[in-house]
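Let the hints inform the model, and build the full structure from the sequences given.
Number of protein chains: 2
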Amino acid sequence: MNQFVYNISTKVYFGENQLGHLGEELKKFGTRVLMTYGGGSIKKSGLYDKVVAEIKKAGLELFELSGIEPNPRVSSVNAGAEICKKEKIDVLLAVGGGSVIDCTKFIGAATFHDGDAWDILEGKVDVKKCLPIVDILTLAATGSEMDNGGVISNPKTKDKIGMGFDVMQPKVSFLDPTLTYSVSSYQTACGSADMLSHIFEVYFNMEKDLYMLDTVMEGLIKTIIKYAPVAMKNPEDYEARANLMWASSWAINGFIDGGKCQAWSCHPMEHELSAIYDITHGLGLAILTPRWMEYCLDDTTVSRYYQFGCNVFGLDPSMEPMQVAKKSIKLTAEFLYQTLGLKSTFSEIGIDETNFEVMAEKAVRIGGLKDAFKPLTKEDVVNIFKMCK
Amino acid sequence: MNQFVYNISTKVYFGENQLGHLGEELKKFGTRVLMTYGGGSIKKSGLYDKVVAEIKKAGLELFELSGIEPNPRVSSVNAGAEICKKEKIDVLLAVGGGSVIDCTKFIGAATFHDGDAWDILEGKVDVKKCLPIVDILTLAATGSEMDNGGVISNPKTKDKIGMGFDVMQPKVSFLDPTLTYSVSSYQTACGSADMLSHIFEVYFNMEKDLYMLDTVMEGLIKTIIKYAPVAMKNPEDYEARANLMWASSWAINGFIDGGKCQAWSCHPMEHELSAIYDITHGLGLAILTPRWMEYCLDDTTVSRYYQFGCNVFGLDPSMEPMQVAKKSIKLTAEFLYQTLGLKSTFSEIGIDETNFEVMAEKAVRIGGLKDAFKPLTKEDVVNIFKMCK
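Top to bottom, those sequences are chains H and A.
Under the numbering used here, residues 1 to 389 are what the first sequence spells out, in order.
Under the numbering used here, residues 1 to 389 are what the second sequence spells out, in order.
Calculated from the structure, these hints are not laboratory results.
Nothing false has been slipped in among the hints.
Facing chain H, a subset of chain A residues (Cβ under 10 Å, in silico):
1) Leu175
2) Pro177
3) Lys222
4) Lys226
C-beta atoms are modelled at their ideal positions from N, C-alpha and C, and glycine is treated no differently.
As structure tokens, then:
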């Protein structure tokens, strides 16, 4: 009961104007830096030039890998590892959102593996070494900046697998809320849905837990509900961006789970959706979450929803617990679909029943859904998918 | 605004039956271990034997320093550093509460200093090196297990000074709530008052802050208010001890302040009390806190008390802010003096006006109280002391 190891060693520079520390931090690990990034938005925003200037100023040698995909592919991991081996890279610098950081973590690990990086995702390799990772975050969502995991897609097999190893924990992360000013309203909404889901995966749990961590989770949820709409309306609201950014890290860096070991629910289901349909992860989660909540609500689980409804939405504790629970699901759906304006059905985003069975089977098998909040079978997952139609 | 560096690298083993990891963790730093502890309660409880057995099992060489005082003295620091130099110690193992860990941190630093350890406390030495520190916590209070600071007393000068250096951050902490089962009701109360004060020192602040961290602080305060009386009544309530223990670490490990840089208020005042009268730190804080709250309440600061009263004590937000503020101070005092049963006046613990002036002068000078929540002069501090008579 509540036995766990807490080990979050990432050093975080939070706030504006901290990039002056980039050179000194990179230098601690060597002189040859591979900078990884995505489709080039960092060039448009001017961040690329600033980063390169800091690297040059520190006298470091710069290599680059661009074009990392929004759902990062194993081909990018292999390409990055190839550069690291050939150029004897000392340290990786990921500049971007969760996709870039996730991909970079596996590049760091694959550098010490002879063969296809996919072997790592398939669990064939026990990752014991990884190049040190420094990152500059440009999107608040996945929390990859402060955890040891990542998710990689394989378009050939249509697999999307998440894994984590201690050695992949970033050494240093730069979290500057102003770098997220340019994140679109839609991506802000998707990122917020992702963060919420990270917390829900832990909060909705029937294992023995620490009250203290419940209060932290409720605070994080309230923070997201309070500030996501503010950031969508006024993208340059520092307070909103700062709260969302720091909340994104703490939603998934390991602090809030405090020894709980249940399998996650919505994430494994969503990974199957985006593996096949290449949708935005947070959008898939937003569609699934209220349906999953509804499907799992019963006399055994109702106490958790009751606590959620009272402490997060301020519902009247004297109401019947089942009433509070149902109302809390309704309010969650309203937040996702009305306040954040996200689409609420599969049909709106081009997903039909074709792959329900195969996706459900993989979600249960790969995600271990039999050990989730409410244990789910393949049939359960198909039912939840049908509720999303 | 909200620019800060987050860097909490301590690895924590939380929960029962984790001591099996002690040997492997110590070994990472070498083979010669200096174990430090206090007055011998760890021998009575059987913990001493268990720790020694783990050290022997790991094949490590054990040295010992016992008798570290409740308000640890610089003489103990010097004695420990002497052993470290002479015996070429590789790693320090502190077994005890905050006093033992605090003292051990400065032993680790003083090992690399030629001369009196008091030089470090006087700010004459920039501490760049420290022996690695592992600890086993036996009292939830000071948070020393997860921060880089400590407080040392000098009976000759009647000084008590707190300082912190990054290199003194413990590498590994073992937090087993069952080790606090034997903590007396009185010490549980004092420890809880200390934790509350750590949070109040940050929470009562007029600097720009992150809402997210406010929710965390309010959750920590509620955790302590909920579980301190439970642990006092039933010392072997695991849930209560676990919540208090983890809250004690997070109250002061640096997470909650998020870039605020105001000076603390009650701690500098209390350090002067316990430097002269050798009282329990938490008790001194408990007497000071409600008077300080009352003294600092005005039209500028009332908003903070209002938030506190509504979010922590659930007071009606439609009440006048000043009413909520006053009620929140009353409830805080009731919690400390009635629920925790702590003494509420100086006269009850043998402190009279004799040293008010000299203590106030030092608190303002050493503690930098002009930069506190409400800036305090020597006269202000004397006034607060008088309110405690």
